[in-house]
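Number of protein chains: 4
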Amino acid sequence: MSQNSASSAPASRRRLRLGMVGGGPGAFIGAVHRIAARLDDRYELVAGALSSDPERARAAGAELFLAPDRCYTDFRAMAAAEAARPDGIDVVAIVTPNHLHYPMATAFLEAGIHVICDKPLVNTVEEAEALVALVRETGLVFVLTHNYSGYPMIRQARAMVAAGALGALRVIQAEYAQDWLATAVEQSGQKQAVWRTDPTRGGVAGSIGDIGTHAFHLAEFVSGLRCTALAADLQSFVPGRRLDDNAHILMRYESGVRGTLWASQVCTGTTNGLRLRLFGEAGGLDWHQEQPNELRFTPLGGPTRIIQRAGPESLPEATDISRLPAGHPEGYLEGFAQIYRDAADRIAAALEGRQAPTEAPLPTVEDGLRGVHFIHGVVESSRRDAAWVSLPAP
Amino acid sequence: MSQNSASSAPASRRRLRLGMVGGGPGAFIGAVHRIAARLDDRYELVAGALSSDPERARAAGAELFLAPDRCYTDFRAMAAAEAARPDGIDVVAIVTPNHLHYPMATAFLEAGIHVICDKPLVNTVEEAEALVALVRETGLVFVLTHNYSGYPMIRQARAMVAAGALGALRVIQAEYAQDWLATAVEQSGQKQAVWRTDPTRGGVAGSIGDIGTHAFHLAEFVSGLRCTALAADLQSFVPGRRLDDNAHILMRYESGVRGTLWASQVCTGTTNGLRLRLFGEAGGLDWHQEQPNELRFTPLGGPTRIIQRAGPESLPEATDISRLPAGHPEGYLEGFAQIYRDAADRIAAALEGRQAPTEAPLPTVEDGLRGVHFIHGVVESSRRDAAWVSLPAP
Amino acid sequence: MSQNSASSAPASRRRLRLGMVGGGPGAFIGAVHRIAARLDDRYELVAGALSSDPERARAAGAELFLAPDRCYTDFRAMAAAEAARPDGIDVVAIVTPNHLHYPMATAFLEAGIHVICDKPLVNTVEEAEALVALVRETGLVFVLTHNYSGYPMIRQARAMVAAGALGALRVIQAEYAQDWLATAVEQSGQKQAVWRTDPTRGGVAGSIGDIGTHAFHLAEFVSGLRCTALAADLQSFVPGRRLDDNAHILMRYESGVRGTLWASQVCTGTTNGLRLRLFGEAGGLDWHQEQPNELRFTPLGGPTRIIQRAGPESLPEATDISRLPAGHPEGYLEGFAQIYRDAADRIAAALEGRQAPTEAPLPTVEDGLRGVHFIHGVVESSRRDAAWVSLPAP
Amino acid sequence: MSQNSASSAPASRRRLRLGMVGGGPGAFIGAVHRIAARLDDRYELVAGALSSDPERARAAGAELFLAPDRCYTDFRAMAAAEAARPDGIDVVAIVTPNHLHYPMATAFLEAGIHVICDKPLVNTVEEAEALVALVRETGLVFVLTHNYSGYPMIRQARAMVAAGALGALRVIQAEYAQDWLATAVEQSGQKQAVWRTDPTRGGVAGSIGDIGTHAFHLAEFVSGLRCTALAADLQSFVPGRRLDDNAHILMRYESGVRGTLWASQVCTGTTNGLRLRLFGEAGGLDWHQEQPNELRFTPLGGPTRIIQRAGPESLPEATDISRLPAGHPEGYLEGFAQIYRDAADRIAAALEGRQAPTEAPLPTVEDGLRGVHFIHGVVESSRRDAAWVSLPAP
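Chains as they are written, first to last, in the working numbering: chain A, 1 to 394; chain B, 1 to 394; chain C, 1 to 394; chain D, 1 to 394.
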């Protein structure tokens, strides 16, 4: 086999009791969340509201080894019942279309249950602010699955920037290009496409909400800087599409840093092309999601170095969360699972009334609010023909 | 997110009861097996012989949520006790150094328990033949974790070759180069290195046994051809090393196909560089383990096409076992988990007395025997200064 | 060696008599022009104004095998003398800093001598328009060395777009990133840096003029579309720098096509990173200058194909101008030489009073005018905080 | 443009008078030699024996601007006439099929004319030894165009090995794979294929002579080590082919270094795939001809560095012979031209009775002899079923 041992066992050894809302048969992201929860053996799925149809809810639950009495058809009923059980769920994963995040998160938080929620947070600034307030009020853990921030080499990049490896930053180039909406697949009923291109469910933005928010979050996450203003030009290239499917954005960050952000779902030849490049006075970094195990670092005056996850010059921030040695590719699921693993540490600490041992950089409800500001800022700027729109400070 | 839904749930919904022998704290491959078993929720780990020290066995078991009475210190005791329990394990995973595979596999097979065993199978041809006989006699499932054959694009390559996309094959180039043994790490006590370079535990071969067997299996697995003869030149470059750490081999396959196989663990700049290239009258294929989601196919007279897992021209053999859409990288753990998923189908069918629904191409005890023949053939050829040595037909 | 023969000899067999202005010892681009002129044996360098210092002019001329009486110290004297000689130069190459292009080009055109001129054309719109008028009036050939348009795979991309391989275009992403000005090298006297960052010589723009114009030209050249408006955000990151060293631009093209253009000379880890990506309804193209022999083409619904220069699916537009078969890399000099070869065909035809046999897509004085409009549009937009600025139709 | 100036002018400024034998219209390698000779302006082509047919010889000569009286139809007549002229050629380039190299080289050497000759040197060991003796006897310069040794990053690799960057070498992997002979193109009359697959012209070996010798030369050139023994398995995959089109070879070098060499012309998906990897105690190098401007260097314990030609960590051996700054790709022709440039230095020095200023590592007649030994050693080993064959020390 190979050289390193997989990372050591987590400090706290209890499996958290997990519930899931949404994510029934055929759902893409629900299955991903479940694998992510299982990977490190920190969760046990014990309850779900997988369908509003009783028959289908029970069948889906059986498929997932849920007890029949914990297969709910209504999320409010589930929150109430689980809160009342002595063995009720510790945490719920919300994996529905965007417009349902707000009422669901609210219901579970009010029932005293920690929340892991898919992105984007919610569809309006008002909802986002209300959720921020509720999380603060309840003191519960709220984790937003900006899963790309769980990739070890993204953590490495963040650590390198923080440690000054790039010196003062100058330029951030973020792009996230896909091609699966290059034709009007929503008109043929493709389930993933239908709700994402429907304003009543997906919100005011299409590609910007679906993938642009990931790129935005990652740019801020890695750079440690806040975007202060943006100027956006949105397009809907596919005839009949009601939301944007392509976006070009000029970005201004704190400290005079500049950049662009490009999000697209209509560019044939790209697949899940999330790429982040950062350039500073002392060096540059280049990372591509489709080759997530390597990070290219070029110090000023030196050749480019290919830093491999868990290999030479891989920092503890990346190596310690690696499950495999270098050369054994980890991927999307492991990055997603990292969010779950870090969330488990935090939730377990909360349940036991102690500090989480190491404060992993998990995306929070506040990051969700920023994402909603970003979405609305972009839409507003584009409506005003790419006028500059300021983003509020967090 | 993205376009496809993750693959549908498996036909049979029961979790198999899994035991593990070896794989205690600090073990690399034990942790990998456990994640692989968990990924698709087809197994539940319920028993283990994780250490011969009672204290450590219990601690390691607690870490893995095992009941105290199922934390064994002796594999024979475990086989007997589990076979006697009504809720005893269905299958055991053997994840120890090579020299223990034989007695352990024998014990569990004789106790009527299915076996998943790490590679290489055993250290001698005699042991391998005895195991083959025992598996046939008991009718139990025996799966060898040549995990790289679980990668979707390896399954794709195999399917393309079988379908004639390359025409009659001509050349197979297999290489597996690492660098983690470039220095005498075994002398500093690195646990993974120590037993692999110790003939009493690793067997007659070093790199050939550890990684050469993977490359050999993959070459035969993808090509559908058997190696008939080989001529090998082995080296031990690192002073004091007792087994080979580099091997160059001329290969002859059925039907006049020729190739080379290179295995090394001392080549700085390679990491886990398993690469397979096949060339035929009508086209060529190129796959590299470190970028496992793509397969390069060049038809005669056409440009090279980059086929992505679950993307255009991805065959059902690859797409149907994908957990994620194209562009969302899967890696080593998913490939390993595929072996476990396919094994679960087969074992569940055996337990229920029916045929496994689709006969996935799982590595078997017979493949293990071939691997042992390969190891001994290589060592013999090298002793005779790279004379040709025939491999027996399977 | 290999399979194809190099491309056949050009139709017209005469060597053009070439003069050069600028490009004395230590000049980068002068040496490039000379190699480009020599490569296909269509020119003979016979005269030059390589320095205003008589001693240095003669020494530099001797180095280049010029006769002493054709080593001039003044471009006007050179234009007059050469025009008067029966064996005077047919064509002059102008390879000086930008601010000298206008008077020099004017002098040679007025003397009836064809011109090959480095880019950008001139520093002001007025000069550019005057040159356009003069070229039209004289009927002489004027070629602008937007050399990247001479790369075979750029010609291929242009031909594919024109033939509809991408369908209706949607998005054009152009980027040209370098890092050689990441520090204030101009303050240490680096010759190439000094004049490029000096407004009196480089003009109103820095990186935009030096490399942004290449990216702009290429985007229009390949797409066949005109940019109609742009919104630009310019920066001068290096303290003390007087011109832009980084530029982010939103681009709007004819037919609703959108894009961005990024030019930078301060991004460590990029070298000469000119990349062009085009996406249309039916497919996408991706080309990178540092790997110029391949073009990635992804048809809608198919895998990406790596089209190699002179290999399968290489069109006549690329193969016919290849000097080498596929796999034998051509580079920057060959692309530059293509401009010279095409210019030779055109000039020879003009000298002989006939049509140039195939009308190669050479960059003209009108392209130079567009580049100047682009530069001034970008600068104006940035001054107005990234307001949209229209570009005039050509 | 960019940062560096092109390399400075050579010390000696005279153009050598060059003759060419072979290389008439349609010849591939003749055109390459001519461009290589022109690139740095160190040669003037003044005479040729381009065809044995007077009409065609004159037409071809006119195409190349040769005076009619220097268009010969017979190489012996040319050697005699040119030797007799006061302005006769200084050096001849021999660019014919292999079997003609010997009589031609002999004729020109005997006439006192320096020789640049294509590879492989000749077809038999006897001829090779005779040529070595003749070159020594005459004291003339004899350069063999193992052109790949002219690539800057190959020179860099050689210098790094010599300087100990890899420590003591262990493994050398050389491969040169093409696909242009994957079908029986010689049967359709393809000129390049016909003579290469004809034993009376190509010699005893096919792919081994045509491209294997390049890989062999490069392995020794870069490593500074001599191959001492080899064991080869040759194939002729294409029905009707009379010479090998694929070869797998086990290699043993001085100092216990081991390797393989693979040469093939039938592997679809490879193009001109010459790759060289060297591994030593302290690091590894990886170079691929199709991306010749970069060299990957991995020091033991560090990440892989991508060293770019003329970029950071590019040594003088590479930077000083670069015509362009990093990021501006040089290719095959520039590498070939380097051989010509170095040859010009050496020949000019010889003509002027002085030492060549820096002794560039040019391939010599002795290297040619080694190549012939290699060819015959491979063929003999393969005839004896891959028995070990020793190569004589040089």
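Since the hints were made in silico from the structure, they are not lab data. Errors might be hidden in some of the hints.
Stated by the list, open to error - Subject to a maximum C-alpha distance of 20 Å in a straight line, what follows is the list of computed EDC-like cross-link-like pairs (lysine to aspartate or glutamate):
id, chain 1, residue 1, chain 2, residue 2
1, C, K191, C, D320
2, D, K191, D, D320
3, A, K191, B, D320
4, A, K191, A, D53
5, C, K191, D, D53
6, B, K191, A, D320
7, D, K191, C, D53
8, B, K191, B, D53
Stated by the list, open to error - Distance windows between CB atoms, simulated:
id, chain 1, residue 1, chain 2, residue 2, range
9, D, P25, C, A159, 24 to 34 Å
10, D, P199, C, P357, 37 to 47 Å
11, B, E137, D, Q187, 54 to 64 Å
12, B, S255, A, G302, 17 to 27 Å
13, A, R13, B, D53, 11 to 21 Å
Ideal Cβ placement from N, Cα and C applies to all residues, glycine included.
To see whether the hints hold, each was checked on the structure:
{"no.": "1", "hint": "C/K191 x C/D320", "result": "38 Å, violated"}
{"no.": "2", "hint": "D/K191 x D/D320", "result": "38 Å, violated"}
{"no.": "3", "hint": "A/K191 x B/D320", "result": "19 Å, holds"}
{"no.": "4", "hint": "A/K191 x A/D53", "result": "18 Å, holds"}
{"no.": "5", "hint": "C/K191 x D/D53", "result": "54 Å, violated"}
{"no.": "6", "hint": "B/K191 x A/D320", "result": "19 Å, holds"}
{"no.": "7", "hint": "D/K191 x C/D53", "result": "54 Å, violated"}
{"no.": "8", "hint": "B/K191 x B/D53", "result": "18 Å, holds"}
{"no.": "9", "hint": "D/P25 x C/A159: 24 to 34 Å", "result": "27 Å, holds"}
{"no.": "10", "hint": "D/P199 x C/P357: 37 to 47 Å", "result": "43 Å, holds"}
{"no.": "11", "hint": "B/E137 x D/Q187: 54 to 64 Å", "result": "56 Å, holds"}
{"no.": "12", "hint": "B/S255 x A/G302: 17 to 27 Å", "result": "50 Å, violated"}
{"no.": "13", "hint": "A/R13 x B/D53: 11 to 21 Å", "result": "20 Å, holds"}
Comparing the model with each earlier hint shows violations of hints 1, 2, 5, 7, 12; every other hint is respected.
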